[in-house]
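Peer 1: Sequence:
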Amino acid sequence: MPKIIKKKVADKKSVQENEVKGFALDALDKVKERQKQLIVAGAVAAVILASYMTFSMYSSSLKADAAAIEMKANDYHYGVVVEGVMSDEERLKKAVELYQESVDVKASLTALFNLGNTYYKLGEYDKAIEQYEAVIDKFGGNTEMVSLVYQKIASSYMRSGHKEKAFEALGKLAQVKGGIFKDTAMVLEARYLESAGDTGKSLEKYLELAAAFPDSVWSGEAATKIPKPDAETKLKVEEVAAEVEKKEEVEAKE
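Quick note on my numbering: the sequence shown kicks off at 1 and runs consecutively.
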């Protein structure tokens, strides 16, 4: 009788162990891959952070260097320190040199503005205007300084004989921050008209100022320029006030 051969059945426990080992190895490979990705990402983040810190330190260093040069320029600009015997022109030219050096390192609002002011004192109005406009371009968000800069631009144009451009600058001043400097623009225009010999238009501008801004800090100046209120002048003031009110109503509708 033939001998019966029994088929060996695989050990179920061994199969399960192999499956578990395979799963574990696969999971380990995935973990290692994930670790590599995290290491790479961490390295990139570290490089970015290091670059930012380096830039910040470099920027801070430049700012400090520029500020030191600007302080020295201020001494010449305001005549605090004078090396030897220097004329005002020589002193101001030295201030220009230092302010420009400061701006070249890192432009600041005050360095640009004072560079313009120094050119203004030297009578180089075109160069002064160039620096004032640079202030507006770089620091236009500082409305208080911008209002002052427009006044300096207008004055520079007036001194260089460009009256219309001066009035254009005052028009821009009147629009700054919703018109809060409009009365200042008016009084400056009135002054410029008066200095140019156009007393009639100057008086009209003072009348407009008195009518539109009776509580302005410039109302006192306007009052000194307006003749005593006889019947004719009073009527003129009322007419101007009516025109101003009508103009404001039209602008409000627009």
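Check before you lean on any hint, since a few could be wrong.
Stated by the list, open to error - Distance windows between CB atoms, simulated:
| no. | residue 1 | residue 2 | range |
| --- | --- | --- | --- |
| 1 | ALA242 | ASP104 | 17 to 27 angstroms |
| 2 | GLY178 | ASP104 | 34 to 44 angstroms |
| 3 | THR224 | ALA68 | 38 to 48 angstroms |
| 4 | LYS201 | GLU249 | 38 to 48 angstroms |
| 5 | ALA242 | LYS93 | 49 to 59 angstroms |
| 6 | GLY140 | GLU251 | 18 to 28 angstroms |
| 7 | ASP75 | GLU133 | 21 to 31 angstroms |
Hints in this document: simulated from the structure, not taken from any laboratory. Predicted model, so just to flag it, every value in this text is computed and none were measured. Just so you know, even glycine gets a beta-carbon here, dropped at the ideal spot from N, CA and C.
Peer 1: Identify every previously stated hint that the structure contradicts and give their numbers, smallest first.
Peer 2: 1, 4
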